Amino acid sequence: MAAENGDNSLAAPLDTCRIPESALYNAALMTSAEKQLPPIFPHRHLLGIEGLSAADITALLDLADTYVEQNRQVDKKGSVLRGRTQINLFFEASTRTQSSFELAGKRLGADVMNMSVGSSSVKKGETLIDTAVTLNAMHPDLIIIRHASSGAVELLSQKVSCSVVNAGDGAHEHPTQALLDALTIRRRKGRIEGLTVAICGDILHSRVARSNILLLGAMGARVRVIAPPTLLPRGIDRFGVEVFHDMRKGLEGCDIVMMLRLQLERMSGSYVPSQREYFHYFGLDYEKLGHAKPDALVMHPGPMNRGVEIDSAVADDINRSVIREQVEMGVAVRMAVLDALARNLPNELRI
Amino acid sequence: MSRTAFINARLVDPASGLDVKGNLLVADGKIADLGPDLFSDGIPDGAEIVDCRGHILSPGLIDCRVFTGEPGAEHRETLRTASLAAAAGGVTTLIVMPNTHPVIDDVALVDFIERRARDTGIVHIHPMAALTKGLAGAEMTEIGLLKEAGAVAFTDGDRAVANAQVMRRAMSYAGLFGALIVQHAEVPELATGVMNDSELASRLGLSGIPAIAETIMIERDLRLLETTGGRYHVAQVSCAASVEIIRRARHNGLNVTCGVSAAHLALNENDIRGYRTFFKVSPPLRSEEDRKALVAGVADGTIDVIVSGHNPQDADAKRHPFAEASFGAIGLETLLPASLALVHDGDVPLTRLLGALTFAPADLLGLQTGRLAAGLPADLVLIDMGMPWVVESARLRSTSKNTPFEDRRVQGRALRTMVGGRTVYIHGDGGH
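One line per chain: the protein sequences are A and B, in this order. Everything in the first sequence is counted per the working numbering, starting at 1 for the first residue and increasing by one. Everything in the second sequence is counted per the working numbering, starting at 1 for the first residue and increasing by one.
Rather than coming from a laboratory, the hints here were simulated on the basis of the structure. Remember, it's a predicted structure, so these values are computed and weren't measured experimentally. Keep in mind that the hints are not guaranteed to be accurate.
[Said to hold, decoys possible] On the chain B side, residues computed to face chain A include the following (Cβ under 7 Å):
| hint | residue |
| --- | --- |
| 1 | Glu199 |
| 2 | Ser202 |
| 3 | Gly205 |
| 4 | Gly208 |
| 5 | Arg319 |
| 6 | Glu324 |
Where is the CB? At the ideal position from N, CA and C, for every residue including glycine.
Extracted from the complex, chain A is given alone in its bound form (with noise of 0.2 Å):
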């Protein structure tokens, strides 16, 4: 069908960032003869917020706001990837990821597959490579993956022809849950840049922090992070933030306040000595709270540990806590990426 349209959108430079007003309007409304829709993004993949230019993640956003309002209505369903294949390769468990990426390649027009891989069942790594390589023979338009070690996403990129989301790899990125925070974060403040943002926990182990961090500096907003000593990365200082160890302090004149999950794992002497001195020095309540600025937000990329890094009464506070709509943000700007990527795919057979 596409193989009839001699006009292909790949010959149109890829480094065009402003999204013509037709892209941000008309994507859903379009039928498959049509799709021919400019590109927006100059990347064949999206492994992780490094490298995106700041014009990337605000087309990214530009377009995921129309998607949001898309969702809203009660016919949820757009076709720009009518005839695409998405397979959801998941390594590591993740109900909440795995399904959102699912609705967002549905409401698209998608057909969309899920495989999930116990990374405890496989033998580590062994089948890994072979697994790319098999879906890849049944030729996916994009295919989704999270997995436990950093850079597998990257290494499994090289091996496949299509289009790769990394939906969570190791301690490295995450780039999705960056793009949704950062979208949430827009629509309640109107802006990114000037902002202050802290981001607190375990940032150590943490992928949602690296991309946060990186994404909220390439915006321009001013980053910190807060958590005790054992829970920083080597040379975190020199990632452009500022370093705080105490909430109250690192807390004063926020806008955001972003709360990490720390694993129960984590918390029985290794890392620090127990839950409940965890969260009297680091859990997130009203007291605490009250340092940031009075409209400041609170976010949490789910899923929640109450109790222990947050307060249950603060997480479902709705004038404060933005944590629900984050997740329906993430829907929203997993469409924006999937049709962004989608627009640099091949629209003609090649054999």
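For chain A, the structure is supplied; the task is to place chain B on it using the hints.
Frame of chain A, contents of chain B only:
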């Protein structure tokens, strides 16, 4: 009586500091004579003549840290393939590590290595024996008997002897035989990561191995050495702090020596970017400041020997996400050019550099080679200092191709390698 006459050579003998134009005669596998005036009365009849065209004629290189897969993992490397790679790299003596299956921790297994080396290898090969049985770090091996059988030193290879009591007793007991103990200096509990502990590791999301994992172990062992006496050698230092510790200990009169791999002199952690598993080695590649300190350590003699750290790993062990890939890089054929880069860069004088590859390891291990002197075995290498070439992994002789120098442009290579008077490699000959 077979004779070879090397003429028009630049004779370089690092041990004596000799660096002159001259000739060298090999007879019956030994160096018969050498000097600027040799052959002034003519070249002996019947001698094979090798015109060196002004290139360097040096003692053959001695590589005292080589892992192979024999016995037990011959698909990675055998003693024979390692010896082919060695010959092509100008290495005339290689020392193999005991990390095999079974472990070289018994007299019969030392005999096995010696016999296989003799029957299949084309260069000299000697084993280091395990310091502890089964490399388990608990009970010491038969140091005396193993040494008599031919083990040149005692080490647990790429494993640290972590237990201080075991190390203390081993040092104390080994002193009885003058046996050298070689340590992979690393505190295992601190070395759970996969690369240097640094900002880059944090950016890549990889867990780090801090330099203190190495320095704490070296400091501990030096404290033990103070009380036990004996001979102690750090197999491979990787960071500036280790060089400083050893420099100070030597100043205080301790009998400590150390080595460094050519890869650590040529590369740093930034080469890992993109999760390139061929740069995953143990100890890890560290910062550029560390690399510079290692180079300075070679220049001032704090670092005694340069090794390849040759560690063949098959493709399946490396085609993984970085954290799951195995440690190790091959290096026999790149030892010489990677080391010579220090001379080309003006950081280390030629004789000092070649010394760390010839007489220094010979003296460390008590080998009767590594010098240009009449009566010694004719283990020689003819080196073209300046020859540029590109490292192509497919052309390397090792069975495993995990070279961190893949596709790199390097300078300098062995033109001809002679072991015990027998020519085992001629560059461009296609064979051996």
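A quick look at each hint next to the structure:
The restraint placing B/Glu199 at the interface with chain A holds, with a minimum CB-CB distance near 3 Å, inside the 7 Å limit. Nearest Cβ of chain A to the Cβ of B/Ser202: about 4 Å, under the 7 Å cut. The hint holds. A hinted interface residue such as B/Gly205 counts as satisfied when its beta carbon comes closer than 7 Å to some beta carbon of chain A; here the least separation is about 3 Å, so the hint holds. At a threshold of 7 Å, the smallest CB-CB gap from B/Gly208 to chain A is about 6 Å, leaving the interface hint in force.
Residue-level restraint check for B/Arg319 holds (minimum Cβ-Cβ distance to chain A is 6 Å; threshold 7 Å). With its C-beta approaching chain A no nearer than about 4 Å, B/Glu324 sits inside the 7 Å limit, and its interface hint holds.
When each numbered hint is compared with the structure, no violation occurs for any of them.
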